[in-house]
Amino acid sequence: MEGLPDLSGRQQSARRIERSAVERVSAEVRVVPVGATVIMDEETWRAREHERLRLVAELEAALAELASVRGRLAERERELQEIRRLEDRFLSLMSYELRTPLTSILGYLQLVLEGEGGLLSGEQERFLGIVERNSLRLLQLIGDLLLVIQIESGAFELTKGPVDLAHSAEKVVDRWAEHAMERGVELVLDATPLPLFLGDRARIAQVIDNLLSNALKFTPEGGLVTVSVGLAGDRAILQVRDTGIGIAEDELARVFERFSPAKTTFIESGSGLGLAISKAIVEAHEGSIAVETKEGTGTTFTVELPFHRRRGRDSARQPQNMEELR
Amino acid sequence: MTGDNPVVLVADDDEDILTLVAFRLEREGYEILRARNGEEALELARRRTPSLAVLDVTMPKLDGLAVTRALRASHATRNIPIILLTARAQEADLHRGLGAGADDYVRKPFSPHDLRLRVEAALGKVAA
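Taken in order, these protein sequences are the chains called G and Z. Under my numbering, the first sequence has 16 at position 16, and the numbering climbs by one with no breaks. Under my numbering, the second sequence has 53 at position 53, and the numbering climbs by one with no breaks.
Simulated from the structure, these hints should not be mistaken for lab results. Hints are not guaranteed to be accurate.
Said to hold, decoys possible - Between beta-carbon pairs, the in silico distance windows are:
{"no.": "1", "chain 1": "G", "residue 1": "Leu66", "chain 2": "Z", "residue 2": "His95", "range": "39 to 49 Å"}
{"no.": "2", "chain 1": "Z", "residue 1": "Gly101", "chain 2": "G", "residue 2": "Ser135", "range": "32 to 42 Å"}
{"no.": "3", "chain 1": "Z", "residue 1": "Glu120", "chain 2": "G", "residue 2": "Ser135", "range": "18 to 28 Å"}
{"no.": "4", "chain 1": "G", "residue 1": "Glu125", "chain 2": "Z", "residue 2": "Ser74", "range": "41 to 51 Å"}
{"no.": "5", "chain 1": "Z", "residue 1": "Glu43", "chain 2": "G", "residue 2": "Phe90", "range": "32 to 42 Å"}
{"no.": "6", "chain 1": "Z", "residue 1": "Phe23", "chain 2": "G", "residue 2": "Leu138", "range": "15 to 25 Å"}
{"no.": "7", "chain 1": "Z", "residue 1": "Phe23", "chain 2": "G", "residue 2": "Glu152", "range": "47 to 57 Å"}
{"no.": "8", "chain 1": "G", "residue 1": "Gly115", "chain 2": "Z", "residue 2": "Ser74", "range": "38 to 48 Å"}
We put the CB at the ideal spot given by N, CA and C, even for glycine.
Excised from the complex, chain Z in its bound form (with noise of 0.2 Å):
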């Protein structure tokens, strides 16, 4: 798991959670950092730069959607695509996340199908 796969920072309060989507992404080929708030997401995304971030909505610290902002305002993570998990199924809440400026957004629970083409998908929009 090292070298020229793709780095996907996966942050998720909820450490089953988490794991669960970790462990889908790693059997697709992804280097996975793991971030149990949002302020180790943060920090990770600064340090390493992944290729892509999966989100939690719903983290202490600084929510998804505070990481997302912070992301978005600064030059070296600004272009990491972000794709958001969210627990909350409102329209308004997802609404909320598109407009913080995350690219996708896969509801929970996710069908791991459906979560392999969003990143797939996020991940080939950098690629073009």
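With the rest of the complex left out, here is chain G (with noise of 0.2 Å):
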């Protein structure tokens, strides 16, 4: 588990430790006459005498030492079991105790608003349509962090299978296109085919939609969003462009920061994950994202995408803009 020290590691080196001391005293005391044939006189027997129990005394100090140190350690393994075991149970409790409410909550809405307990008045189909969004906030707030987790405690997995980036910028763009028609935003999709790459599918739709969420969400009326999707050598390269309000330079450093500070400006509603969960699902894909930003003028959000996994990418890359941002 990163951050926590390795135990293993310690423990053989407390096992060595142990080992030498063994050899240096065992060493120590064959000088020591056993069978009395050696000539010696009183007083030096005395004073090797002396330094035999001192060096047997300073071993078995040692040995205690050792043995309080193991335990120490055993101890703090036990309570990182127990951490372990306290996150995996925070995992289940947030996927399943927080969804299964939620399950009732959204299916008998969904039945009201198909009309089985009677025809609903439009102020009524209103109310509970609102009910309905916030309620899919919430399940998407719960996925968001549980996703947060998981990739924190190295659980993080992607479903991989063929993806067409630019089949599913256009889904993502169709899904966002009423939304931004409504708030006089021009939404433009500038799309190149491209060949298909080994990715996650639908973990890939949720990094353009998370973009370009936040790209509408930050771009006032008369505005222009455009994604892009195009090539760069062995790249795949998606753009979401926004004429919007920009990024304070302050901020910018951190705005793939989970719950970071500049998150309650710059992204005022939503889990505020969006950005950070886009990143960790871009680089389990092996590739990056960087930002670009004008305040007041608009920010420019660029992913690539590598085509082929080859080993030794990561260090023959060139230096991201990202790196330089974290």
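Got two chains here, separate frames each, mind docking them using the hints?
Below is the structure:
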């Protein structure tokens, strides 16, 4: 587990120290006459005997100390196991205990909205629509938090298959088209068909969705949001460009951090985890994500995804803006 | 609700969700057997041999995976299609379900449309 001491390493070095102490003392002790055929005056013998007893006492003290360190390490290990158990419990609590009541909330709400409980007035339908939208938002938040925990604990895994980036972008843009129109923001898709690459289609769509929803959120009426998909060498490039309010320079460095103070102003609603999650997803695909912005002029997020996985790619890769941002 | 309608066993320890799933499937014309824990589900499945079982994964007594394995282990119930209902969203949980012998799974919260399609697909597999 990251950030925690490597216990097995410590125990090994403890054993090494113990072994060398035993060897050292037994070497010293061997000098002491046992068969008494060695001629030695009493004073020398007493001095040797004194030294021998001192070494034995030192060894005993060292062994006692080692036993106590071992005990503490074992205790620490138990604590770590308990932390892991609690983490798992928390994951399960997140996904199970929270989703279960939401299943009923959304399920019965949908029944009412479908008119199962009788016809609704326009107002009733509108109010319940707001309840539904916010329940879905809560569900999204639970999913985001769960994902962050998985990413942090190393349990995040991609479900890989062929991904058509242009098609994915098109689907996400379609989903947001109506919302953009209502907000008076022009939404443009500029996609070049690309070869398929191996990736997690749902997660990639989540990245595009996060970037696009952010762009729309911060672009005022009359603005323009462009989603473009293209090719650069052996990398697929996805760009989401807006003519929105931009990001202040002091906040720029932290936009990919979860719950960063910048989030409170940059992302006023939503979980505030979208960009952190997007970054983790892109990096799990061995890609990179970068942001360029000019306050008052707009923001561009650029995602690069490699087509082929090759060993050693990471070390050979040019430094990305992202690295400088971290 | 008798006679020729396919019989679907629905098991969930959450009464509200059990009622919801049963309501949705009844609307589709299925006859519903309700179970509130794994033991009840297994007992009903053995006694009535439903056309399909929709099982919640996390149930007291026997969980959905244990029920799945028990159904698969017995000759009389081996061929009942099984859809697992799960609020656990992790891939590993889903794979465990399929590994236990389930045919499909539906995540909670579920969309009624998704539930309907998967139920039809699972039943169609038997007919074919």
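Do the hints match the structure? See the list:
no. : hint                            : in the structure
1   : G:Leu66 - Z:His95: 39 to 49 Å   : 44 Å, holds
2   : Z:Gly101 - G:Ser135: 32 to 42 Å : 33 Å, holds
3   : Z:Glu120 - G:Ser135: 18 to 28 Å : 27 Å, holds
4   : G:Glu125 - Z:Ser74: 41 to 51 Å  : 49 Å, holds
5   : Z:Glu43 - G:Phe90: 32 to 42 Å   : 34 Å, holds
6   : Z:Phe23 - G:Leu138: 15 to 25 Å  : 23 Å, holds
7   : Z:Phe23 - G:Glu152: 47 to 57 Å  : 39 Å, violated
8   : G:Gly115 - Z:Ser74: 38 to 48 Å  : 43 Å, holds
Consistency with the previously given hints fails for number 7 only.
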